[in-house]
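Heads up: the sequence lines are chains A and B, in that order. If you count the first sequence from 1, you need to add 591 to reach our numbering. If you count the second sequence from 1, you need to add 1075 to reach our numbering.
These are computed hints drawn from the structure, not numbers from a lab. These figures come from a predicted structure and were not determined experimentally. In this text, a Cβ means the ideal position worked out from N, Cα and C, and glycines have one as well. Just to be clear, a hint being listed does not mean it is correct.
Said to hold, decoys possible - The calculated lysine to aspartate or glutamate pairs, modelled on EDC-like cross-linking and capped at a C-alpha distance of 16 Å, are:
no., chain 1, residue 1, chain 2, residue 2
1, B, Lys1310, B, Asp1325
2, A, Lys759, A, Asp744
3, B, Lys1349, A, Glu658
4, B, Lys1310, B, Glu1324
5, B, Lys1349, B, Glu1252
6, A, Lys593, B, Glu1307
Stated by the list, open to error - Footprint (simulated), chain A over chain B, 3 or more residues, beta carbon under 8 Å:
no., segment
7, 1115-1127
8, 1153-1162
9, 1193-1202
10, 1212-1221
11, 1302-1313
12, 1376-1387
13, 1403-1415
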Amino acid sequence: MKRQVPLALCFVFGIAMIFTRFSPHSVSQWIYEEVISWVLIIGPFALVLATVTLIQTHTTRIRRRTEHWQYSLVVFAGLTIMVVIGIRFGPQDSIFEWLYNNVQLPMDATMFSLLAFFIASAAYRAFRARTFEASLLLLTAVVVMMGNVPMGDFIWNTIMSWSPWADKVSEARQWILDNPNLSARRGIILGVSLGVISQSIRIILGIERSYLGGGD
Amino acid sequence: MIKTTQWIVVTLVLCLSVGTAFSQGLAPPSSVTAMDTPNDDGSSITIKWDAAAEGSGISGYQILRQIAGGDLEEIGELLPAGTTTYVDAAIEKGTAYAYIVRAVGETEATVESEQTAPVKGTGEWFHTGKIPLFITMLLFSAAIVWNIYSARSGKDIFVRRIPGLEAVDEAIGRATEMGRSILYSTGLGGVSGVATIASMTILGQVARRTADYETPLRVPCRDPIVLNVVREMVKTAYLEEGRPDVYNEDDIFFVTNSQFAYAAGVEGMMLREKPAAIFLQGTFYAESLILAETGNSVGAIQIAGTDSEHQLPFFIAACDYTLIGEELYAASAYLSREPMLLGSLRGQDWGKFFIFAAIILGVALELSGISWITTFLQRVS
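My request is simple: use the sequences and hints to build the entire structure.
Now the structure itself:
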């Protein structure tokens, strides 16, 4: 019974949501909007549970004095300050906005900026020309990068304007993106789409039930 | 005397207007029809009329609407000349409306069409424009269901080797031998994401093995609902393996729902705890390379899998094994070897065969100047 009820609900709502994709009738659209609303209602309850686990995790770290436990104090300080100001003055308050714009956003931007260095280190490993395939990848990457950056245009169209390759790098880059690259991407997208449908059918029919915790 | 003068003035103005209209050759819009807009929820009526001949002197059209027993009212803006269709989306369901199309000349002269019969907006239960898509979906679903149930007979089903999934045991074994933890990220997707569900099914299989080997399994979550489902899944896996004593609820925890803060949190875990194996399975965005490169720098064996095709190159460059697209969805069948799940993989392959056949046939027909298959596929999309 513990499994049958969720499986039955999954089947009914799965079929209903497929039905709403093919029916423009106001009743089916109402069903769709209601189900989406229910999902949104579950969110805040789950957020409370998540906040409790966050507090439990960091309290345990402070109590046990695990390595770098001091950072957990920073978590509590940030959580307390934002919650108190947000509840007391609202999310439109100038202090709340200042904290968001001058603390959270710069930290997000910093993490995002790290990506540039990670791309460089990953590219160094990926493009080492040890095999024929890696050499081909390196050559392709150089053409695409040179076609993408202003420096590439400057080199090929100004400095190398005498060469027969002038103006050809941008065309080559575009050809690579429009043909081999796009073909490969579409192949992956086709596979993903079929995989999604297959997985959805398994879930709706109750064959795939590991998300319920496994077993029968 | 005054009355006579007024009568003469009014008559002259009318004659002038009519004369102007006739001198411009303004003809009333013809074949005006109003019909319930097909394939909608009954919230609109479509009005159509024939295009005016060239040089008709029409500068635009104004639509007039009348509810039974009510007055005529102008609706919408003045439509440009050349328009032959108008969709009235401001109607009340169940109310009948009649329409007149008024042609407006270049000198503001107007001429009106005949009034249409009253029409009500009615919602359709089935979108007829989606019939090809519906049939395709039915055929593909039927292929999968057929293979699932034919697999129950116990017939052996061949599944090609997927290195990323073969390496799962190797990764868990390595972590166990080194006495270090395993880090499993389900990505940024919510619980309704199919990739997240696929990731959780892999996690269930990983949890069974870590329960057997008593290897710590750490799962930082970004979505509160995913957190609760994952806790339940892992707990059940440990119970079914007979090792509830090894399960530690604190190892599955919420980090934050902010994308880069999550990346920073997981990255910090990697650097501090130095897990021996890292699983990055699910939906990832820009943080994919941050996580994968950090995992690489701590020397962990990394198995990634995502359906986000833009992130795949990053995972391929930085991870030891990568499940590409559909392999992520095949994981639960591959790892569990359950016949019914394997049957669905064969059904999926039938779908792929059908698509490839359609592509090859479509190319051949297009080269021969026949384009019906292209038209059909465009309708399906």
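Going through the hints against the structure:
Taking the CA atoms of B/Lys1310 and B/Asp1325, the gap is near 12 Å; set against the 16 Å cutoff, the hint holds. For the given pair, A/Lys759 sits about 10 Å from A/Asp744 by alpha-carbon distance, which is consistent with the 16 Å threshold. Taking the CA atoms of B/Lys1349 and A/Glu658, the gap is near 13 Å; set against the 16 Å cutoff, the hint holds. For the hint linking B/Lys1310 to B/Glu1324, the alpha-carbon distance of about 8 Å falls within 16 Å, and the restraint holds.
A C-alpha spacing of about 14 Å is found between B/Lys1349 and B/Glu1252, which places the hinted pair at or below 16 Å, so the restraint holds. Distance hint between A/Lys593 and B/Glu1307 is fulfilled; the C-alpha atoms sit about 13 Å from each other, no more than 16 Å. Evaluation of the coverage hint for the segment 1115-1127 of chain B: fulfilled, as 4 residues show C-beta separations to chain A shorter than 8 Å, against a requirement of three. Counting residues of the segment 1153-1162 of chain B whose C-beta lies closer than 8 Å to any C-beta of chain A gives 0; at least three are required, and the coverage claim is violated.
For a cut-off of 8 Å, the count of residues in the segment 1193-1202 of chain B with a CB near a CB of chain A stands at 5, and the three-residue condition holds. Under the rule that three or more residues need a Cβ within less than 8 Å of chain A, the assignment of the segment 1212-1221 of chain B holds, with 5 such residues. Taking a C-beta to C-beta cut-off of 8 Å, the segment 1302-1313 of chain B contributes 8 residues in contact with chain A, enough for the three needed, and the coverage statement holds. With a threshold of 8 Å between beta carbons, the proposed coverage of the segment 1376-1387 of chain B by chain A holds, since 3 of its residues qualify and at least three are required.
Here the segment 1403-1415 of chain B counts 6 residues with a CB under 8 Å from a CB of chain A, which clears the bar of 3, and the coverage holds.
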